[in-house]
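Chain order of the listed sequences is A and B.
Per UniProt numbering, the first sequence runs over residues 1 to 387.
Per UniProt numbering, the second sequence runs over residues 1 to 387.
Note that these hints are calculated values from the structure, not bench results.
Hints should not be assumed to be uniformly reliable.
Remember, identical chains collapse to one label, so a pair may be satisfied in a single copy or spanning two.
What the hints assert, rightly or not - Calculated lysine to any residue pairs in the SDA-like style (CA-CA distance at most 20 Å, straight line):
hint	residue 1	residue 2
1	K77	K87
2	K87	E155
3	K72	R194
4	K81	R311
5	K87	A308
6	K77	D275
7	K381	T197
8	K278	E344
9	K87	E151
10	K87	S374
11	K87	A152
12	K278	N58
13	K381	D355
14	K87	T154
15	K278	D326
16	K72	P375
2 protein chains.
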Amino acid sequence: MISIMPLPRRRCQEKIKALYFVSSTRHTLTRVECGSFDPRATGRSNVATMQDVANLANVSLATVSFTINNSKPVSPKTRAKVEQAMKELNYRRNAVGSALARGRTHVLALLYPALQHRLSPTSVRFFTSAADQARLRGYNLVLWPMSNEAEAVTELTSSGLVDGVVLMEVQLDDPRVTELSRSNIPFALIGRTRDTTGIPFVDVNFESAVETAVDRLIQLGHTNLVLVDGGGGDQLLGGYGPVARTRKAFGEVTAQRGLSAAIMSGLHSSAGGRDLAKEFAAQHPDTTGVLIMNEHAGPGFVAGLQQAGYRLPRDISVLAIASSVDTASMAEPEMAVLISPADELGRLGVDALIDQIDKKDDPLPQLLIECTYSPGATMGKAPRKKP
Amino acid sequence: MISIMPLPRRRCQEKIKALYFVSSTRHTLTRVECGSFDPRATGRSNVATMQDVANLANVSLATVSFTINNSKPVSPKTRAKVEQAMKELNYRRNAVGSALARGRTHVLALLYPALQHRLSPTSVRFFTSAADQARLRGYNLVLWPMSNEAEAVTELTSSGLVDGVVLMEVQLDDPRVTELSRSNIPFALIGRTRDTTGIPFVDVNFESAVETAVDRLIQLGHTNLVLVDGGGGDQLLGGYGPVARTRKAFGEVTAQRGLSAAIMSGLHSSAGGRDLAKEFAAQHPDTTGVLIMNEHAGPGFVAGLQQAGYRLPRDISVLAIASSVDTASMAEPEMAVLISPADELGRLGVDALIDQIDKKDDPLPQLLIECTYSPGATMGKAPRKKP
DNA sequence: CTGAAAGCGCTTACAG
DNA sequence: CTGAAAGCGCTTACAG
Numbered sequence: 001m002i003s004i005m006p007l008p009r010r011r012c013q014e015k016i017k018a019l020y021f022v023s024s025t026r027h028t029l030t031r032v033e034c035g036s037f038d039p040r041a042t043g044r045s046n047v048a049t050m051q052d053v054a055n056l057a058n059v060s061l062a063t064v065s066f067t068i069n070n071s072k073p074v075s076p077k078t079r080a081k082v083e084q085a086m087k088e089l090n091y092r093r094n095a096v097g098s099a100l101a102r103g104r105t106h107v108l109a110l111l112y113p114a115l116q117h118r119l120s121p122t123s124v125r126f127f128t129s130a131a132d133q134a135r136l137r138g139y140n141l142v143l144w145p146m147s148n149e150a151e152a153v154t155e156l157t158s159s160g161l162v163d164g165v166v167l168m169e170v171q172l173d174d175p176r177v178t179e180l181s182r183s184n185i186p187f188a189l190i191g192r193t194r195d196t197t198g199i200p201f202v203d204v205n206f207e208s209a210v211e212t213a214v215d216r217l218i219q220l221g222h223t224n225l226v227l228v229d230g231g232g233g234d235q236l237l238g239g240y241g242p243v244a245r246t247r248k249a250f251g252e253v254t255a256q257r258g259l260s261a262a263i264m265s266g267l268h269s270s271a272g273g274r275d276l277a278k279e280f281a282a283q284h285p286d287t288t289g290v291l292i293m294n295e296h297a298g299p300g301f302v303a304g305l306q307q308a309g310y311r312l313p314r315d316i317s318v319l320a321i322a323s324s325v326d327t328a329s330m331a332e333p334e335m336a337v338l339i340s341p342a343d344e345l346g347r348l349g350v351d352a353l354i355d356q357i358d359k360k361d362d363p364l365p366q367l368l369i370e371c372t373y374s375p376g377a378t379m380g381k382a383p384r385k386k387p
Numbered sequence: 001m002i003s004i005m006p007l008p009r010r011r012c013q014e015k016i017k018a019l020y021f022v023s024s025t026r027h028t029l030t031r032v033e034c035g036s037f038d039p040r041a042t043g044r045s046n047v048a049t050m051q052d053v054a055n056l057a058n059v060s061l062a063t064v065s066f067t068i069n070n071s072k073p074v075s076p077k078t079r080a081k082v083e084q085a086m087k088e089l090n091y092r093r094n095a096v097g098s099a100l101a102r103g104r105t106h107v108l109a110l111l112y113p114a115l116q117h118r119l120s121p122t123s124v125r126f127f128t129s130a131a132d133q134a135r136l137r138g139y140n141l142v143l144w145p146m147s148n149e150a151e152a153v154t155e156l157t158s159s160g161l162v163d164g165v166v167l168m169e170v171q172l173d174d175p176r177v178t179e180l181s182r183s184n185i186p187f188a189l190i191g192r193t194r195d196t197t198g199i200p201f202v203d204v205n206f207e208s209a210v211e212t213a214v215d216r217l218i219q220l221g222h223t224n225l226v227l228v229d230g231g232g233g234d235q236l237l238g239g240y241g242p243v244a245r246t247r248k249a250f251g252e253v254t255a256q257r258g259l260s261a262a263i264m265s266g267l268h269s270s271a272g273g274r275d276l277a278k279e280f281a282a283q284h285p286d287t288t289g290v291l292i293m294n295e296h297a298g299p300g301f302v303a304g305l306q307q308a309g310y311r312l313p314r315d316i317s318v319l320a321i322a323s324s325v326d327t328a329s330m331a332e333p334e335m336a337v338l339i340s341p342a343d344e345l346g347r348l349g350v351d352a353l354i355d356q357i358d359k360k361d362d363p364l365p366q367l368l369i370e371c372t373y374s375p376g377a378t379m380g381k382a383p384r385k386k387p
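Start from the sequences, fold in the hints, and give me the full structure.
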């Protein structure tokens, strides 16, 4: 009983148990056993599909799906057959097919602005803690580098490849956020824009961190302070959020407390920190207290100060803001630091995102997390004023 | 002329210009204009599909596809119509549909072992340079955190979500590599296994780096050396490649040159480096030259040495291996360093991967890249032997 | 509890 | 140069 059949485009898909056909892909007249399909026996790629499992288990495709997803009751007997078949074929669900049918990939993207091209140790911690939390809740979170342009965001959100987006390194007026709001996919910010109406975010409470930092220095008798940061980012966009907020808070708090205050910026590198220290020594000879918010530059800055003749903390006190103990500990002496709550931010950012995806209609979270103080050998009493 | 039709499951898909039907999703008797479909006017998600574009441009779905992909000749007139329609609908191709049809997502994964949980500055540079190169060649490369288990690799490679994989942090006998070899998807290593037969990789030439490092110290008169590293990883797997190879090379080179040599390991942190220095001072009082291959611990180690009473480089010389200038510059004094060719490795690793995907059947690349020396203030002549 | 079939949004061999 | 239709690998409303 040989019959020449119209060919399915790529492969035998129906529950026909045995028939002969001319395969356009294999150029032969072949007997094909769909009922006991062994993918390794054919010329094609050796991954089994759900249909293969169904054929082997002698059930329908639908039943296999119900079994795998627990989406409908399946009798123990059937379940056993299906599971046996899956094991035999070493079956793995294809996530792309599933994604197309469901509209879900279970992949989340942590957007990383590639232009800026430095991923600070603190950002790495956002990433790892966010990834952990995502996994805990059944998602994969990947770090997705992209340009700062809104267009790139659109491309990703409309691709269907990810179910949601966490954005880092937010500018005060960030076109990417506008674009995300326009898109249909859920998102959350680590950081925040100027106007946060209706936008879920988690961020460091920079304002309170600055106040804490300044007050700690005041308590030690310092009255002449400098804030060192990493520059404002794109000024057209209102600047990089952390820097803008920190500067503003620094200005306000020092004014309110009646202190002398100035701001300096440098590169995000250790060499940048050394240069900054040289510049600092020249420009601010009377300053005795420094807040530094520039993680990469911190240890270099401390080294540079000492090369410029300062002894720490006798001549000058330095406090790192929104950095980490590990970075602070690279400096000699070890810096005091207001530790960025990076792990918590990563976790909460992912929670905010997944809560939206899973359609809990809780109000959108907007959270500010505090830094915590870790002492170090760079904090000391202000020296007596020079005569 | 009202007719009640059997409903397509989710939406109007055919080229019917206008008809009435009862929508199960919208619970109304509605007039639907498929010919001039405006996604914003309906209740459903506002993303246009290729069918919407085809309807608006009055061409077939296939023609839209040909236009977008330049996969068949299309008349200028038709092309213009299609492009106009795409613009009007703000159309973006859905990557999941495309991926299912083509078997390609154009996404590559850089696998990052989440268990290990530190992404060194050098690894960050792998990532950014790999991502850049991927983009240049038309792919997205994302950093994909996963456990060290082979099972997790299988899950990813069989998901269809990525077209290829670059693996970092390779162990000498790495089950993930075995799993990748078994899978159908292309891969490349940054690093290498013990047996590299048939496996495409790019790696640092640790052997020559060690030789260079030792010889530089010898030239300065040092004869008693210690190698400080970050521990061997999972010993069951033959250990972390860079550490294993470096130790072996260090043993061989120092033996061959007739030097005293020892090896120490510490944590991957600055505090770990400080602890190591203390231990070092106690255990190796006669050593005058140190090779350190532990990026996170470097600056802490240098700081710890000085706290233990060493002056650098008068009493002791330190040379960092496979690290970066930026990390070296966090130490005071700045460390001399054999710079890891991270950018090049990232780029070449991606090239090796994409070459396979794009079916160039060049032989699989197996490349060792040299470190380059950058001077620093931690290298000096060996002190005269103590009496 | 199980199955046939439509649908997700694309690509492409085949036939004009 | 253009189109109708099958297929990619799944999910799920509907009907037993």
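These are the hints, each one checked on the structure:
1. K77 to K87: within (16 Å within a copy, 54 Å between copies)
2. K87 to E155: Only across copies: K87 and E155 sit 14 Å apart there, 38 Å inside one copy, limit 20 Å.
3. K72 to R194: Answer is neither: 47 Å inside a copy and 48 Å across each miss the 20 Å cutoff.
4. K81 to R311: neither (76 Å within a copy, 73 Å between copies)
5. K87 to A308: neither (69 Å within a copy, 60 Å between copies)
6. K77 to D275: Neither: 73 Å inside a chain and 60 Å across chains, both beyond 20 Å.
7. K381 to T197: neither (43 Å within a copy, 63 Å between copies)
8. K278 to E344: neither (36 Å within a copy, 33 Å between copies)
9. K87 to E151: between (44 Å within a copy, 14 Å between copies)
10. K87 to S374: So K87 and S374 fail the 20 Å test inside a copy (53 Å) and across (55 Å) alike.
11. K87 to A152: between (41 Å within a copy, 17 Å between copies)
12. K278 to N58: This pair counts as neither: shortest intra-copy Cα distance 78 Å, inter-copy 68 Å.
13. K381 to D355: neither (47 Å within a copy, 61 Å between copies)
14. K87 to T154: For K87 and T154, the Cα distance is within 20 Å only across copies (14 Å; inside one copy 40 Å).
15. K278 to D326: Classified as between: cross-chain Cα gap 18 Å, same-chain 24 Å, threshold 20 Å.
16. K72 to P375: neither (57 Å within a copy, 67 Å between copies)
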